[in-house]
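K.L.:
Listed below are the residues making up each chain.
Protein chains: 2
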Amino acid sequence: MQVKPINKEFEKHIVQTINQKTKPVGSLGQLEDVAAQLALIQSNKAGKLVNNIEINKPTAVIFAGDHGVAEDGVSIAPSCVTRQMVQNFLAGGAAINCFCKSNNITLKVVDAGIIEPLNNDEILSPESFLSMRLGAGTHNIAVEAAMSLEQVELGLSYGEQAITPLIQNNTNLLILGEMGIGNTSAATAIFAKLTGAPVQDCVGIGTGITEEQLIKKTALIEKAVSRFDSSNPVEILQQLGGFEIVQMTGAVIAAAAAGISILIDGFIVSVAAFVACKIQPNTRSYLIFSHESEEFGHQLLLSHLNAKPLLNLGLRLGEGTGAALALPLLRSAAEFYNNMASFEDAGVTV
Amino acid sequence: MQVKPINKEFEKHIVQTINQKTKPVGSLGQLEDVAAQLALIQSNKAGKLVNNIEINKPTAVIFAGDHGVAEDGVSIAPSCVTRQMVQNFLAGGAAINCFCKSNNITLKVVDAGIIEPLNNDEILSPESFLSMRLGAGTHNIAVEAAMSLEQVELGLSYGEQAITPLIQNNTNLLILGEMGIGNTSAATAIFAKLTGAPVQDCVGIGTGITEEQLIKKTALIEKAVSRFDSSNPVEILQQLGGFEIVQMTGAVIAAAAAGISILIDGFIVSVAAFVACKIQPNTRSYLIFSHESEEFGHQLLLSHLNAKPLLNLGLRLGEGTGAALALPLLRSAAEFYNNMASFEDAGVTV
Numbered sequence: 001m002q003v004k005p006i007n008k009e010f011e012k013h014i015v016q017t018i019n020q021k022t023k024p025v026g027s028l029g030q031l032e033d034v035a036a037q038l039a040l041i042q043s044n045k046a047g048k049l050v051n052n053i054e055i056n057k058p059t060a061v062i063f064a065g066d067h068g069v070a071e072d073g074v075s076i077a078p079s080c081v082t083r084q085m086v087q088n089f090l091a092g093g094a095a096i097n098c099f100c101k102s103n104n105i106t107l108k109v110v111d112a113g114i115i116e117p118l119n120n121d122e123i124l125s126p127e128s129f130l131s132m133r134l135g136a137g138t139h140n141i142a143v144e145a146a147m148s149l150e151q152v153e154l155g156l157s158y159g160e161q162a163i164t165p166l167i168q169n170n171t172n173l174l175i176l177g178e179m180g181i182g183n184t185s186a187a188t189a190i191f192a193k194l195t196g197a198p199v200q201d202c203v204g205i206g207t208g209i210t211e212e213q214l215i216k217k218t219a220l221i222e223k224a225v226s227r228f229d230s231s232n233p234v235e236i237l238q239q240l241g242g243f244e245i246v247q248m249t250g251a252v253i254a255a256a257a258a259g260i261s262i263l264i265d266g267f268i269v270s271v272a273a274f275v276a277c278k279i280q281p282n283t284r285s286y287l288i289f290s291h292e293s294e295e296f297g298h299q300l301l302l303s304h305l306n307a308k309p310l311l312n313l314g315l316r317l318g319e320g321t322g323a324a325l326a327l328p329l330l331r332s333a334a335e336f337y338n339n340m341a342s343f344e345d346a347g348v349t350v
Numbered sequence: 001m002q003v004k005p006i007n008k009e010f011e012k013h014i015v016q017t018i019n020q021k022t023k024p025v026g027s028l029g030q031l032e033d034v035a036a037q038l039a040l041i042q043s044n045k046a047g048k049l050v051n052n053i054e055i056n057k058p059t060a061v062i063f064a065g066d067h068g069v070a071e072d073g074v075s076i077a078p079s080c081v082t083r084q085m086v087q088n089f090l091a092g093g094a095a096i097n098c099f100c101k102s103n104n105i106t107l108k109v110v111d112a113g114i115i116e117p118l119n120n121d122e123i124l125s126p127e128s129f130l131s132m133r134l135g136a137g138t139h140n141i142a143v144e145a146a147m148s149l150e151q152v153e154l155g156l157s158y159g160e161q162a163i164t165p166l167i168q169n170n171t172n173l174l175i176l177g178e179m180g181i182g183n184t185s186a187a188t189a190i191f192a193k194l195t196g197a198p199v200q201d202c203v204g205i206g207t208g209i210t211e212e213q214l215i216k217k218t219a220l221i222e223k224a225v226s227r228f229d230s231s232n233p234v235e236i237l238q239q240l241g242g243f244e245i246v247q248m249t250g251a252v253i254a255a256a257a258a259g260i261s262i263l264i265d266g267f268i269v270s271v272a273a274f275v276a277c278k279i280q281p282n283t284r285s286y287l288i289f290s291h292e293s294e295e296f297g298h299q300l301l302l303s304h305l306n307a308k309p310l311l312n313l314g315l316r317l318g319e320g321t322g323a324a325l326a327l328p329l330l331r332s333a334a335e336f337y338n339n340m341a342s343f344e345d346a347g348v349t350v
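Read top to bottom, the protein sequences are chains A and B. Each step along the first sequence adds one to the number in the working numbering, with nothing skipped, and position 171 is 171. Each step along the second sequence adds one to the number in the working numbering, with nothing skipped, and position 200 is 200.
Because the hints were derived from the structure by calculation, they are not lab data. Mixed in with the good hints there might be a few duds.
Note: identical chains are not told apart, hence a pair may lie in one copy or across any two.
For lysine-lysine, the following DSS-like pairs were computed, each having C-alpha atoms within a straight-line distance of at most 30 angstroms [unchecked claim]:
id : residue 1 : residue 2
1  : Lys101    : Lys48
2  : Lys101    : Lys12
3  : Lys12     : Lys45
4  : Lys223    : Lys8
5  : Lys101    : Lys308
6  : Lys4      : Lys48
7  : Lys4      : Lys216
8  : Lys308    : Lys8
9  : Lys101    : Lys45
10 : Lys48     : Lys223
11 : Lys216    : Lys57
12 : Lys48     : Lys12
13 : Lys101    : Lys57
14 : Lys12     : Lys308
For reference, chain A alone in the conformation it holds in the complex:
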């Protein structure tokens, strides 16, 4: 699957359109950037300049997976909470359910490999659920590879399969989220390995571990990162996991290859997006970064991606919550791009 570069021939006209709106040039700040990016992505896909940005059936897909390293106590919660939260998503009770409801977003949940699969009677919204299990949690990355190369390849393909029906059904904005006790450890390890940055500079407290647990977590991640030698992003995924990160990487590449916009959540999803950009560098043009999370490494990661996110609310929850909260800003960006008067329309003195 090949992600094509964005054709920039429409950029000049898009910027002109924005600059002729009845406001001082640049006065809508980042909202202008995101309007320009959406207009460019959609014009590129249409093969002609589109005068109206559309945000069609935006859908959040949450990938859930478990992590062998969690058995060493790198998180505030035990692995069983991943499964409980998947049930909570399907029952409509989690934060992401609330934000999808308030912002009119469809929600899908993927079991990418939690330890114990749900029974049929536990799947309260079967229409929102996909089982794409790569296993019963990854191996402990501090001691061995998270998964096999075959699992990585299957996982990238599952990521694509999870979103293809959405795109066929005209979704043109994909929101990614994740759930997985221990997954800041896997994400931090991947980020450190890909950039060569010291683990110390990338590791954070996740959803809220103590100073003592952070020291332990750092040591485990350092062990995982130094366990092997590679700069190949696919091999790094295999070594460090997790199942949900692999599948999100596949989903990002597939969405970019289909030419649609992807709204990225916090640290874990950003790491998957970073891996996707390493595999297919043209992917970057399709990514919109929703927020800077409280997770310590996120700021550094965003600077590696040359990304300036829309929100900075001190979130550290995951699930796609930051991305869901940012969606109304994209709708407002589309609305001003599509319907705000130009100086000429309004008879305003330039």
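Following the hints, complete the assembly by docking chain B onto the known chain A.
P.N.:
What follows is chain B alone, placed relative to chain A:
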């Protein structure tokens, strides 16, 4: 009119409610703060703990006025643009119209004293328009008082009159915006005078003046600030204006006195809110700060108000645009407060 202090007896229960939701404590960052503030304001008004936050008929009121100091060239645009933009608001073509539409907000426009009033045939949405003129623009504050004390008193009363019908119609969230060529000069002068801060530390480029114009603007504001001696907020309004700032001050006090939440926009509206807090210190508890604008003095002003705004998108447009963009975050805060499962509900291991 008296703004009563918030009764904090419900605070402990509200924080407990938030902490029992299925998420790590504090992991929704500022969204938790705003949920707690809304729940507290609404419980205070109801006289009992409310289990559901309601955001009812949110309405943005834009106050427009002209400024004598604009004749000295402190802005990128001439004063006639104030009138043109009021027409643009009533025709539905401005940025604030777009954001009100995308975020389901009612819009009202008040002529607080633009130079030339609109003719009846220019008022395209009469149901959205209020004429509450205090004059044909203020006097030039660099040389004389902006207005008389009678005008200030009438303006504070007009601000109250503008919002009273909304509150009677069950609006429980007021959004304030403004339009007025030259009004960053008036707002900066008020802020500097009230705090004693050097004008140099408060003044900015507004919607985009040059370095040379900024030097001139700074000198004019310094002249205005040093022209008289007072620390009385009402007298400072009289001396420095403008009509829209006075009316917004009145609207803020009246909304707080009625016990409803007020969503504050950028620098100019924040100055009006700051004056309101100087007149009635209890007002502060009812204020939610939507965004930090690009205007240089806003950060300092927000620190004086001990405020951490929700957005920081590099906006410098006014009109209430930042506040309108922040409203969906309040709706999401209400949604999670009202409907997110507790650990007990969801059977999630604490």
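K.L.:
Indicate, hint by hint, whether the structure satisfies it.
P.N.:
Hints and how they fare:
| no. | hint | verdict |
| --- | --- | --- |
| 1 | Lys101 - Lys48 | between (33 angstroms within a copy, 27 angstroms between copies) |
| 2 | Lys101 - Lys12 | between (37 angstroms within a copy, 27 angstroms between copies) |
| 3 | Lys12 - Lys45 | within (17 angstroms within a copy, 52 angstroms between copies) |
| 4 | Lys223 - Lys8 | neither (44 angstroms within a copy, 50 angstroms between copies) |
| 5 | Lys101 - Lys308 | both (26 angstroms within a copy, 26 angstroms between copies) |
| 6 | Lys4 - Lys48 | within (16 angstroms within a copy, 59 angstroms between copies) |
| 7 | Lys4 - Lys216 | neither (42 angstroms within a copy, 51 angstroms between copies) |
| 8 | Lys308 - Lys8 | within (20 angstroms within a copy, 38 angstroms between copies) |
| 9 | Lys101 - Lys45 | both (29 angstroms within a copy, 27 angstroms between copies) |
| 10 | Lys48 - Lys223 | neither (51 angstroms within a copy, 55 angstroms between copies) |
| 11 | Lys216 - Lys57 | neither (43 angstroms within a copy, 51 angstroms between copies) |
| 12 | Lys48 - Lys12 | within (13 angstroms within a copy, 57 angstroms between copies) |
| 13 | Lys101 - Lys57 | both (13 angstroms within a copy, 19 angstroms between copies) |
| 14 | Lys12 - Lys308 | within (22 angstroms within a copy, 36 angstroms between copies) |
Of the numbered hints listed earlier, those contradicted by the structure are 4, 7, 10, 11.
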